[in-house]
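Enquirer: Residue 1 is where the sequence shown starts when you use our numbering, and the numbers rise one by one after that.
It should be emphasised that the hints constitute simulated quantities derived from the structure, not laboratory data.
It is possible that some hints are incorrect.
[Said to hold, decoys possible] Below, a list of computed lysine-lysine pairs in the DSS-like style, where the Cα atoms sit at most 25 Å apart:
1. Lys22 to Lys71
2. Lys308 to Lys114
3. Lys200 to Lys133
4. Lys71 to Lys114
5. Lys299 to Lys235
6. Lys132 to Lys52
7. Lys132 to Lys211
8. Lys133 to Lys237
Remember, predicted model here, so these are calculated numbers, not experimental data.
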Amino acid sequence: MVSALALGAVAVASGAAQAETKTLYIGMNGGNFERAYTEHVLPPFEKANNVKVVIVPGTSADILAKATASKDNPQMHVMLLDDGVMVRAIGGGLCQPISDNAVLKEIQPAARMKDDMAIGVDMGMTGLAYNKKLFDEKGWAAPTSWMDMADPKFANAVVFQSASASSFGLHAFLMFNRIQGGDENNVEPGFEKFSDTIGKNVIEFIPSSAKISEMVQTGEAAIFPLTPTAVNNLKDKGIPVEYAQPKEGSVVLAVTQCVIANNSEPELSQKLAHYLLSADAQSLALDNGNIIPSNVNAKAGNEDANAKLTAFRGYMETANVLDWDAVNKNRQAWNSRWNRTIER
């Protein structure tokens with residue numbers, strides 16, 4: 001009887017402990033981001049706070065749509081979105097400010113959005129990438145300009161992400177537009193000249209970058225917009241690609257996080273947000289996912305990661321920041337025009 005009572009007490013205690021474990025839901029890109037966070041970044045936070053963090057994977061547009069649909073009864077607690085999409089989320093009232101914490105002083109200023117409504121956890125950029133194997137076979141020099149995609153030698157060898165569906169494609173188009181004399185308030189030069197320059201070399205417009213690795217290996221893709229992080233991830237898989245910083249500069253592409261407004265665990269959500277901004281968390285993301293830190297105190301754990309971090313900081317010196325207010329104001333009209341006149 002005593003043994004039975006003792007076992008019963010253990011079972012009750014165990015059940016109580018399990019009941020105390022809370023669950024947070026965080027929306028973010030799938031693939032490399034999800035893997036690095038699930039396997040390396042989140043476990044220390046889960047252990048320290050007796051919490052389970054469940055990733056809701058999807059593109060930034062997917063996550064934004066889910067957050068918008070459940071705005072009155074949020075199903076997620078934190079979400080990670082590309083910076084341009086995050087501006088829309090903030091404008092839609094989906095975010096609350098990230099609360100003040102000592103870690104915020106360690107974040108580079110370019111990563112902090114107005115009033116800390118969202119803060120970058122990954123400081124990426126869109127530039128050019130190319131098929132190193134194909135370039136070597138053809139004796140081609142590495143690209144140096146966005147306009148290289150219009151070079152006749154790349155006929156039917158340019159892969160371009162859809163500007164209506166991908167941040168990479170939008171960034172590349174807007175840089176082309178700037179080179180043609182436009183800006184985010186005037187995209188007429190870009191739309192007028194794209195089809196007869198870069199457009200005529202495009203073998204395929206793709207909605208995301210998932211297909212690039214296959215097209216590189218088959219030799220179809222010679223040059224395409226991409227980030228250093230994505231290039232490094234492909235190289236880790238043995239795909240023969242390299243990154244090239246255009247002379248006109250790359251485009252800053254930060255993955256930003258916000259705490260979702262009116263969520264069910266406001267204090268724990270803020271604690272998670274602070275942790276993801278910490279040097280420890282971002283060092284794990286760098287070493288295990290090629291995710292470039294926004295925390296200036298984050299360190300690389302090996303020589304390879306340190307080399308990537310050093311290269312990235314050099315690229316940032318010529319990186320461009322888009323006028324996201326102008327972009328988001330006109331994005332719907334641009335998407336329709338792009339689909340109608342460019343990808344028709």
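Enquirer: All the hints need checking, so say for each whether the structure fits it.
Expert: Evaluated hints:
1. Taking the CA atoms of Lys22 and Lys71, the gap is about 21 Å. The hint holds against a cut of 25 Å.
2. For the proposed pair Lys308 and Lys114, the alpha carbon gap of about 29 Å is over 25 Å, so the pair is violated.
3. Restraint check: the Cα-Cα separation between Lys200 and Lys133 comes to about 23 Å, which is no more than 25 Å; the hinted pair holds.
4. Restraint check for Lys71 and Lys114: the C-alpha separation of about 21 Å stays at or below 25 Å, so the hint holds.
5. With a C-alpha separation of about 22 Å, the suggested pair Lys299 and Lys235 falls inside the 25 Å cut-off, and the hint holds.
6. For the hint linking Lys132 to Lys52, the alpha-carbon distance of about 42 Å lies beyond 25 Å, and the restraint is violated.
7. Restraint check for Lys132 and Lys211: satisfied, since their Cα atoms lie roughly 17 Å apart, inside the 25 Å limit.
8. Distance hint between Lys133 and Lys237 is fulfilled; the C-alpha atoms sit about 15 Å from each other, no more than 25 Å.
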